[in-house]
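Enquirer: Listed below are the residues making up each chain.
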Amino acid sequence: MRTAKALAALAGLALAAAACGGGGGTPQSGQTGGATTSSAPAGPKPLDGVSIEVAAKWTGEEQRNFEQVLKAFQAKTGAKVTYASTGEDTGAYLGPRVQGGNPPDIAILPQPGLVQQYADQDALKPLSPEVLAEIDKNYTPYWKELGSAGGKVYGVLVKAAHKSLIWYNSTSFEDAGVQPPTDWAGLVTAAQTVADSGVAPFSLCGASGWTLTDLFENVYLSTAGPDNYDKLSKHEIKWTDATVTAALQKIAEITGKKEYVLGGTSGALQTDFPTCVTQVYGQKKAAMVIEADFVAASAAESGAKVGETAKFFPFPKAGETEPVVLGGDIAVALKESKGAMELLAYLASAEGGSVWARLPGYLSPNRNVSPANYPSELTKTLAQTIIDAGESVRYDMSDLAPSAFGGTDGKGEWKLLQDFLRDPSDIKGIQQKLEDEAAKAWK
Amino acid sequence: MTERSDGPRDSRSGTTAAREAPAEPAQHPSATSGGGGSAAAKPTWGGRSGNLGPSPRVAIFFLLPTLILLGAMVVYPIIYSIYRSLFDRAGNTFVGLGNYTDIFTDQSMLTTIRNNLIWVVVAPILVTTLGLIFAVLTERIRWATAFKLIVFMPMAVSLLASGVIFRLVYEQDPDKGVANAVITTVRDAFSSSAGYPGARPRPNDEAHAVQNGAVVTRQPVGAGGPALVPLVGLRPNAVPADAAPAKAPAAGGGLSGTVWLDFTPGGGGKTGQIDAGEKGMPGITVEALQNGAVRDTTTTASDGTFAFAGLPAGQYTLRLPQENFAAAFNGVSWLGPALITPAIIGAFIWVWAGFAMVLIAAGLAAIPRDALEAARIDGATEWQVFRQITVPLLSPVLVVVFVTMIINTLKVFDLVFVIAPGSVQPQANVIALEMWRVSFGGGDNQGLGSALAIFLLVLVLPFMIINIRRFRREGR
Chain A
1 MRTAKALAAL
11 AGLALAAAAC
21 GGGGGTPQSG
31 QTGGATTSSA
41 PAGPKPLDGV
51 SIEVAAKWTG
61 EEQRNFEQVL
71 KAFQAKTGAK
81 VTYASTGEDT
91 GAYLGPRVQG
101 GNPPDIAILP
111 QPGLVQQYAD
121 QDALKPLSPE
131 VLAEIDKNYT
141 PYWKELGSAG
151 GKVYGVLVKA
161 AHKSLIWYNS
171 TSFEDAGVQP
181 PTDWAGLVTA
191 AQTVADSGVA
201 PFSLCGASGW
211 TLTDLFENVY
221 LSTAGPDNYD
231 KLSKHEIKWT
241 DATVTAALQK
251 IAEITGKKEY
261 VLGGTSGALQ
271 TDFPTCVTQV
281 YGQKKAAMVI
291 EADFVAASAA
301 ESGAKVGETA
311 KFFPFPKAGE
321 TEPVVLGGDI
331 AVALKESKGA
341 MELLAYLASA
351 EGGSVWARLP
361 GYLSPNRNVS
371 PANYPSELTK
381 TLAQTIIDAG
391 ESVRYDMSDL
401 APSAFGGTDG
411 KGEWKLLQDF
421 LRDPSDIKGI
431 QQKLEDEAAK
441 AWK
Chain B
1 MTERSDGPRD
11 SRSGTTAARE
21 APAEPAQHPS
31 ATSGGGGSAA
41 AKPTWGGRSG
51 NLGPSPRVAI
61 FFLLPTLILL
71 GAMVVYPIIY
81 SIYRSLFDRA
91 GNTFVGLGNY
101 TDIFTDQSML
111 TTIRNNLIWV
121 VVAPILVTTL
131 GLIFAVLTER
141 IRWATAFKLI
151 VFMPMAVSLL
161 ASGVIFRLVY
171 EQDPDKGVAN
181 AVITTVRDAF
191 SSSAGYPGAR
201 PRPNDEAHAV
211 QNGAVVTRQP
221 VGAGGPALVP
231 LVGLRPNAVP
241 ADAAPAKAPA
251 AGGGLSGTVW
261 LDFTPGGGGK
271 TGQIDAGEKG
281 MPGITVEALQ
291 NGAVRDTTTT
301 ASDGTFAFAG
311 LPAGQYTLRL
321 PQENFAAAFN
331 GVSWLGPALI
341 TPAIIGAFIW
351 VWAGFAMVLI
361 AAGLAAIPRD
371 ALEAARIDGA
381 TEWQVFRQIT
391 VPLLSPVLVV
401 VFVTMIINTL
411 KVFDLVFVIA
421 PGSVQPQANV
431 IALEMWRVSF
441 GGGDNQGLGS
451 ALAIFLLVLV
461 LPFMIINIRR
471 FRREGR
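Quick note, the sequences are listed as chains A and B, same order.
Letter 171 of the first sequence, counting from 1, is numbered 171 in this note's numbering, and no numbers are missing.
Letter 451 of the second sequence, counting from 1, is numbered 451 in this note's numbering, and no numbers are missing.
Bound-form chain A, shown alone:
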């Protein structure tokens, strides 16, 4: 078994190397495609005249980057791929289209919970053997499990987000004379020093509830450990548990102080996601923003150079465990069409991943996408940590919850963590409300 795995990995590496070598600057080289995907034929373009619609929630920079990947696929196969943006609320966009019998060919779902939900509605098509072969070749079983429902594999994780990071403005850190901290106490001390230097240490994106759930998950994974994390993810322990209290108390150490949060809590609660990054790198009002790797794209838009002014450090240990929380987007097929499976196989392949990896703000969970593809040193490091971490990482907890609890604006965990940010004094009360909402959602 082990040797087989190692062989597969080796073969994968060789293929990845081939993909890199051939892919140079022009991603549409036909030979590499033939080498990587067994199903991709050489010669005339196999999908001429086929049109495929892909729906995902990406906008702006992320959308433009993804469209470049689609362009590479178009150039390779001749299929015409159109992109539709679902907006923040993918479920709200897809729900009516699925019910109306007019879904897009491929949807890229931001939460594994949606895979389960649409599988229950019989809206998903099981992946073809070609796609499965790509997944087995390029992914650890953990990721395969994540895209499965009821024993069938429906989805493939095409884009990972490393959520255990804290980004900082290196100028602010230099002005205050602090070094990136390695543990929670160090983080609090650094925050105090930065605050003393006249800069707000944290820019919180309180209006975007998911950023608060990410913060909670990192602290919880660190203080309560992976086993409790899994249990809480499945609602096997209650939100009133003492481990949750401990995690919330840790969070209150940084959110509970007026001078630690830019604009105070009321200001933070009106700040949505990309704005809080701008406040760190554009307006330079705050020093740190606690969010995932995709901050890089927004930081670059604010005029900061990733790796120079815009740097990050791993989320500091708040307890026993070094937290590594990942998010990610799962591509599923909603229609039985040849083009759809072909595109999924491309996205799951090392070739497609490598094209994407050369663009900023992308991290591949594909172990055969060589870190050498990434445009910056920082992303290379990140990719390596994901590959190294293997089975020990945890997936974003709120994305594993039913969307009524973990994925809806103004409801469930998003709302209650916002309430907690507004008033961090009543931890027990918040826990009780979290438990009530969770009980309703898991019913």
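Since the hints were derived computationally from the structure, they do not count as laboratory data.
Since the structure is predicted, the reported quantities are computational estimates derived from the model, not experimental observations.
Ideal placement from N, C-alpha and C gives every residue a C-beta, glycine not left out.
Honestly, I wouldn't trust all of these hints.
[Claimed, not checked] On the chain B side, residues computed to face chain A include the following (Cβ under 7 Å): (1) 172; (2) 233; (3) 266; (4) 335; (5) 422; (6) 440.
Fit chain B to the known structure of chain A by using the hints.
Expert: Then chain B, alone, in the frame of chain A:
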């Protein structure tokens, strides 16, 4: 209806002609050669039953398209929503009125209903009143058309776009949000806040504490040594340009000390000591207190030093009053939980006031001038004319505007969805938005969503009925 349709039939001599037709068969062909067809058609119009109007079959034929459209797009959805609202999330378990009890027991739903109530009570009255004021005033100005055009213009913008605009208007940061920019500019014109907002002693400073915004020494200090007051929390560039490097006050003399920014840029400075590169904070008021009463007041120099010249020796508590640290007024937090609903209502008024004005102005133009003039000749003041003549004569139009606005506010959705940030959406929520959120926007519970839709329908229905009844009365 009936009276009006009687008129033309008489002129065409409908019934009488039809009855007389068989009695005088010979006359018709000779008198009107072309009229034979119409004469022959008339008996079918009259009908055997003696009814006025077309036969039921023809009537149904003409009604059919409308019936099908209304049935498919209005009646069926309503009936299906009622049916669906009696089932659970998945749609296969009958829960009776469970969804409806959920609406009235859930705390956040009650907030939603309360918000809708505020909307219905406040928004239509304000819109109608503003529309009336605009309409009456524009009647008297020269550039009335231009003014009306401008006020009416927001109607040309979609509600969603208006929402985006007002999201920016209400932005907290005065550099972005125009509402706060206006407020802070006006305020700054009257009170200038030159000082050191945000400056504070270190949290672990054992010698100084913050009381009611003022920095005070925990222990009384005497003339023995210089009183050092280290403050932090300011950027180096927040200190005025003329500030000199901080230094200890000249020895001797009475009570003296230094207020300075105790943070070495780049770190490394010693806490509580004046290090190289640390600047004094000029212009800070320092008070010397004894037994709670202010004995003397002085101001720091450019290097941060201060000294109380004519103060008798003794122990004093030093106080740096709050005015030194008054935070710059940062505007109103429009998008916070407290003001969000009024803020959105403001946006609603911006959109709809023009519409109300145009309707009311049209009504105003139709008012008989002689009634107004008669009142004026009789010696009524302008206010009396407005109250006693104009408003009563306008009341039909006012009611139309008012009822339309009530219906609009009941179903308000887009403005709330766009303007309220995610964190205050629960506080700004309205029924239509909650209905969408519950059924499609993540809640995924179309049973509860249908129940909310029916609840909304029940709320709108009375106003619909009022409107229809009024139309019929006017038609008569």
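Enquirer: Take the hints in turn and mark each one as holding or not.
Expert: Outcome of the hint check:
At about 6 Å, the closest approach between the beta carbon of residue 172 (chain B) and any beta carbon in chain A falls short of 7 Å, and the interface hint on this residue holds. With its C-beta approaching chain A no nearer than about 6 Å, residue 233 (chain B) sits inside the 7 Å limit, and its interface hint holds. With 7 Å as the threshold, the beta carbon of residue 266 (chain B) comes within range of chain A, its nearest partner Cβ sitting at about 5 Å, so the hint holds. Because the closest C-beta pair between residue 335 (chain B) and chain A is about 5 Å apart, less than 7 Å, the hint holds.
The restraint placing residue 422 (chain B) at the interface with chain A holds, with a minimum CB-CB distance near 5 Å, inside the 7 Å limit. Hint on residue 440 (chain B) holds. Least Cβ distance to chain A is approximately 5 Å, under the 7 Å limit.
Violated hints for the displayed structure: none, as all numbered hints are satisfied.
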